[in-house]
Each structure stands twice: as C-alpha cells, then as structure tokens.
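So the sequences go chain by chain: R and L. For the first sequence, position 72 matches number 72 in the numbering used here, and the numbering has no gaps at all. For the second sequence, position 75 matches number 186 in the numbering used here, and the numbering has no gaps at all.
Misleading hints may appear alongside valid ones.
Subject to a maximum C-alpha distance of 27 Å in a straight line, what follows is the list of computed BS3-like cross-link-like pairs (lysine-lysine) [to be verified]:
| id | chain 1 | residue 1 | chain 2 | residue 2 |
| --- | --- | --- | --- | --- |
| 1 | L | K124 | R | K67 |
| 2 | R | K67 | R | K2 |
| 3 | R | K56 | R | K70 |
| 4 | L | K168 | R | K56 |
| 5 | L | K124 | R | K2 |
| 6 | R | K56 | R | K42 |
| 7 | R | K2 | R | K56 |
| 8 | R | K67 | R | K42 |
| 9 | R | K56 | R | K67 |
| 10 | R | K2 | R | K70 |
| 11 | L | K124 | R | K70 |
| 12 | L | K124 | L | K168 |
Hints in this document: simulated from the structure, not taken from any laboratory.
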Amino acid sequence: QKEVEQDPGPLSVPEGAIVSLNCTYSNSAFQYFMWYRQYSRKGPELLMYTYSSGNKEDGRFTAQVDKSSKYISLFIRDSQPSDSATYLCAMSVQGAQKLVFGQGTRLTINP
Amino acid sequence: KAGVTQTPRYLIKTRGQQVTLSCSPISGHRSVSWYQQTPGQGLQFLFEYFSETQRNKGNFPGRFSGRQFSNSRSEMNVSTLELGDSALYLCASSATGFYGYTFGSGTRLTVV
Chain R
1 QKEVEQDPGP
11 LSVPEGAIVS
21 LNCTYSNSAF
31 QYFMWYRQYS
41 RKGPELLMYT
51 YSSGNKEDGR
61 FTAQVDKSSK
71 YISLFIRDSQ
81 PSDSATYLCA
91 MSVQGAQKLV
101 FGQGTRLTIN
111 P
Chain L
112 KAGVTQTPRY
122 LIKTRGQQVT
132 LSCSPISGHR
142 SVSWYQQTPG
152 QGLQFLFEYF
162 SETQRNKGNF
172 PGRFSGRQFS
182 NSRSEMNVST
192 LELGDSALYL
202 CASSATGFYG
212 YTFGSGTRLT
222 VV
C-alpha cells in the first residue's frame, strides 16, 4: 500500500463548477501538506501548502487538512479551462527533506 | 527572480551508457532535491543535498548518484543506463529542505 493515495481520474467538469480533489495518507508523522499543479511538459508548480491541520484559502483555491482522518482536499471554485492540468498532493515530515507524492489527478475543465 | 533551471531538456541515450543532468537552483536556496517521474510510479524521491551534503536518499540503486557544488548547483549521474530509467527527471530547490519546493521543468531522458 502506498503512503499517499490519490485517485488518478481523469476528472472532467464544466467551466464554473467547483472541483474537489482529495488524497488520503497512512503516515501519521506527515506535518506539511502541499498541492502542486503540473501542466503537460512542465515541472510541478506549488499551489498551496499547509502545516498540520486546518484550512487555507488563496483566491479560488482552498486547501483542507484533516489529520484525524488522514485526509486532505483541494477545492477549486469557479473553475476555468486554464485550470486543466494534473494536480498532485505531496506531504513531508519535518526534518525528512523529501516529499511523498500522490499519483496525481488529471483534471479537464470543459468550456 | 529566476526559477530552477535544468539542462538539458531532452536527452536520448543507449543502454549501458551513463548520463549527467544539471540543475541550477533559485538564488539563495541551499537545498536541492531530485525526483524521477514516470507514468507508472509517479514522482519518486531520489536524493536531497544541502550545503554540499547528501541528507536523504530514496530507494534507488547505486547507479543513481548526485552531488552539489559550493554554489548550490547540483548534478545527478546515472551509470549503466537501463530501459527502465527512461523518465522525466525533476530538480527542486527549497530554502528549508522540507516544504515549499520549487521545481524545474525537468530533463526528459529516453534510453533506447
């Protein structure tokens, strides 16, 4: 079983919809939680990071971490075609110097 | 502010050869990590360097090695290439070493 599980999709939604992306994890030592967006033929781009539990909002993006359930989410409001990409969750343990990634969810926003 | 620069962008090598990939981190970032990305395994951690010292290493064979120079630039080397080494190799830099990594666009290695 992988440390971080993420549904690879693909996920296709109409423009303007609210998108929900999720990851579950098994390592309770994870303390930093990140979401990356990766466009085709590009490296991952950091969208948001959260330390420990709670919510964080940045524009149309909201990240949630529920450590008790070992579950993290990314919500995208008013989705745009430019949001079409692969979204990767990543986690790390303080002091471990490495990120553990989910498989990535391929998202398509249809105009 | 310049991002993470990786060279070359594309590389084709023959089985048995060796290859060296280069990474220039964001100015001021002393932590550099390398990841391998494949369709089947996703992104997997190779190793991390901080101030020229390897602090962490992933579960890859000894054919994969790296180093970091005093200016924080890093190289990774893969010897005796195998077909399964075909992947996108990503370099990432960070000020802290455990979150907030910025990735480069990667080097696409194809082994034939």
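Restraint status (C-alpha distance of K56 of chain R to K42 of chain R at most 27 Å): holds, 25 Å
Just to be careful, I want the Cα atoms of K124 of chain L and K2 of chain R compared with a cutoff of 27 Å; is the pair within it? Outside the cut-off at roughly 31 Å; violated.
Agreement of K67 of chain R and K2 of chain R with the hint, judged by alpha carbon distance not exceeding 27 Å: With Cα atoms ~17 Å apart, K67 of chain R and K2 of chain R stay inside 27 Å; holds.
Given hint K56 of chain R paired with K2 of chain R - CA-CA distance at most 27 Å: holds, 26 Å
Has the given pair, K168 of chain L with K56 of chain R, been kept, meaning a C-alpha gap of at most 27 Å? violated, 31 Å
Is the Cα-Cα distance between K124 of chain L and K168 of chain L 27 Å or less? holds, 25 Å
Has the given pair, K124 of chain L with K70 of chain R, been kept, meaning a C-alpha gap of at most 27 Å? With a Cα-Cα distance of about 42 Å, the restraint between K124 of chain L and K70 of chain R is violated, given a limit of 27 Å.
Pairwise hint evaluation, K42 of chain R against K67 of chain R, where the allowed Cα distance is 27 Å at most: Not satisfied, since the Cα-Cα distance of roughly 31 Å exceeds 27 Å.
Given the proposed pairing of K56 of chain R with K70 of chain R, does the C-alpha separation stay at or below 27 Å? holds, 17 Å
Within 27 Å, alpha carbon to alpha carbon, are K2 of chain R and K70 of chain R? holds, 13 Å
CA of K56 of chain R to CA of K67 of chain R, is that 27 Å or under? Holds, at roughly 14 Å.
Given the hinted pair K124 of chain L and K67 of chain R, is their Cα-Cα distance within 27 Å? violated, 44 Å
Going down the numbered hints, you'll see the structure goes against 1, 4, 5, 8 and 11, while the others check out.
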